[in-house]
Amino acid sequence: MEMKGLKLLRKKKGYSQLKVSFDLNISREAISFYENGKRSPDIDMLVRMSQYFGVSIDYLITGEEFKKN
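Using this note's numbering, the first residue of the sequence shown is number 3, and each one after it goes up by one.
If you are wondering where the hints come from, they were derived from the structure by calculation, not from laboratory data. Keep in mind that this is a model prediction, so the values were computed, not measured. Built from N, CA and C at the ideal position, the CB exists for glycine as well. Please note that a few of the clues may not be correct.
As the list claims (entries may be wrong) - In the DSS-like style, the derived pairs of lysine-lysine whose C-alpha atoms are separated by at most 30 Å in a straight line are:
#1 Lys21 x Lys9
#2 Lys9 x Lys69
#3 Lys70 x Lys21
#4 Lys69 x Lys40
#5 Lys14 x Lys70
Unchecked claim - Restraint ranges, calculated between C-beta atoms of paired labels, are given here:
#6 Thr64 x Ser29: 23 to 31 Å
#7 Lys13 x Arg50: 34 to 42 Å
#8 Lys40 x Lys70: 18 to 26 Å
#9 Asn27 x Lys69: 30 to 38 Å
#10 Phe24 x Lys69: 15 to 23 Å
#11 Lys6 x Arg50: 33 to 41 Å
Use the sequences and the hints to build the structure in full.
Structure below.
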């Protein structure tokens, strides 16, 4: 699954894939794969990315906050 929010946040903050990968201690390729849906992060990485960007896991994945009906 493509992580639309991850790419949006990264670009909005002006961060390169290399910066994010360095800060999260993973490869640049992993960030690229997450953004393009070629690989999915495990739950621990989702939590770390959520904390890093200060958003929900829902936002990282969909680009939108969770909405209760």
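Contradicted hints - numbers only: 3, 7, 8, 10, 11
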